[in-house]
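Colleague: Count along the sequence shown from 1, add 15, and you get the number used in our numbering.
If you're looking for bench data, these hints aren't it; they were derived computationally from the structure.
No residue lacks a Cβ here, since even glycine has one placed at the ideal position from N, Cα and C.
Some hints could be false.
[Claimed, not checked] Here are the computed lysine-lysine pairs in the BS3-like style, where the Cα-Cα straight-line distance is at most 25 Å: (1) K147 with K347; (2) K348 with K90; (3) K347 with K145.
[As the list claims (entries may be wrong)] Pair ranges (Cβ atoms, derived): (4) F195 with K218: 30 to 38 Å; (5) K26 with F313: 46 to 54 Å; (6) R144 with F313: 57 to 65 Å; (7) Y198 with K222: 26 to 34 Å; (8) Y121 with D19: 34 to 42 Å; (9) R144 with K222: 21 to 29 Å; (10) I280 with K90: 24 to 32 Å; (11) R213 with F125: 26 to 34 Å; (12) D181 with I241: 16 to 24 Å; (13) T192 with S83: 49 to 57 Å.
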Amino acid sequence: MKKDIVIFSSKIDTLLITTIGLTSTLFALVVAHAFKFNEVTPLMWLLLVVGIDVSHVYSTLYRTYFSSTVSPALKPFLTLIPIICFCVAFFAALRSTSFFWTVLVYVAIFHFSRQQIGFLRLFTDVQGRKTKLHRLNEISINAWTLGSILIWHLQGPKTFQWFVADDFMFMQSLKVTEPFIKYFILLSFVVVMAINLRAFAQKQVSKQVVLVLLSTFVSWYVPIVILNSDFVFTFANVVSHGIPYLVLVYSREVKQNTSFNRLHIFISVLIFFAFVEEALWDGFIWRDHAQFFESFYFLPQLADGSFVKAFFLAVLIAPQLIHYVLDGFIWKKKYQPSMVN
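Working from the sequences, and respecting the hints, build out all of it.
Modeller: So this is what it looks like as structure tokens:
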């Protein structure tokens, strides 16, 4: 086996990429138990959702529109994808607001699940074709992430939601299948981890692969299936998804760009974009975080079912939807900047 793949440094890779799903979930559990936190307070929402979740969406800019070394093969997508995303979002919102959020939630879940496979591939040393173990690990991540979401559909509404209430198409009439799905997921976790630990002992996989598998299972199954805590779900979901992405963008793109290579500039730009976006959401749509965005309440709150609201929903969701779609391209080898190894 070749030397372990290192993205930033071995310690940072372990701390901020491969174990963060595990550590963020455990931290949230301890805090929730110690301080009796079940709900996300406004300040937590500001730090987690605006500071990490929405900010990481805008970090895609550094990999694409802000990049001076963007691959020529990627450039057509940078024009077409925003147009397609806006049109899809607009026509979904024009049909109904609930349909709009339902479409978005399933696109988001697919993106979140695929990111875990991306992390797995990042630390998988593939020479030629994928081995059976590589394929097994990717299938397992799909089973654990999407299986957890399926169980959520069977259990019905919880104290938290992905985007908005009732954005899922729940299937509580099939709840009788829940124990079998749980058994399958838990059994597959035990078997796959045993196989990978043995492979690690034989130096066939790196420790980072084992940690990605463990973190993925814990950060999805525990908050979604076992618990019913808004705080634990939000903290684990946002931190385990957003932080590794920010680390990857900074290490692979920003540090190589002399115009934006200072960490504080990188973070400040992202937070600025995120704050403005959320302020517009609160001004035009939500009106539920006046303590942060009351100065934007001069904007008209848009009525459901209107053409204008459908237009603004599409505009406001566009950065997030574009991020979801572009993320499926920008990390592939054929779209990599030539200067990046």
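Colleague: Do D181 and I241 keep their Cβ atoms within the hinted range of 16 to 24 Å?
Modeller: holds, 23 Å
Colleague: Does the beta carbon distance between R144 and F313 stay inside 57 to 65 Å, or does it fall outside?
Modeller: The hinted range 57 to 65 Å holds for R144 and F313, with Cβ atoms some 59 Å apart.
Colleague: For the pair we were handed, K147 and K347, check the Cα-Cα distance against 25 Å.
Modeller: The given pair, whose Cα atoms are some 21 Å apart, holds under the 25 Å limit.
Colleague: Against the range 26 to 34 Å, how does the distance between the Cβ atoms of Y198 and K222 compare: consistent or not?
Modeller: holds, 28 Å
Colleague: Does the alpha-carbon distance linking K348 and K90 stay inside the 25 Å limit?
Modeller: holds, 15 Å
Colleague: Please check whether R213 and F125 have a Cβ separation lying inside 26 to 34 Å.
Modeller: holds, 31 Å
Colleague: Please check whether K26 and F313 have a Cβ separation lying inside 46 to 54 Å.
Modeller: holds, 48 Å
Colleague: Please test the hint of 49 to 57 Å on the beta carbon pair from T192 and S83.
Modeller: holds, 52 Å
Colleague: Would you check the hint for K347 and K145, treating anything up to 25 Å between C-alpha atoms as holding?
Modeller: holds, 16 Å
Colleague: Range first: 21 to 29 Å. Now tell me if the beta carbons of R144 and K222 are that far apart.
Modeller: Given about 23 Å between the Cβ atoms, the range holds.
Colleague: Could you check the hint for me, namely that F195 and K218 are 30 to 38 Å apart, CB to CB?
Modeller: holds, 36 Å
Colleague: Note whether the CB distance of Y121 and D19 lies within 34 to 42 Å or breaks it.
Modeller: Because 35 Å falls inside the window, the suggested range holds.
Taken one by one, the earlier hints all hold for this structure without exception.
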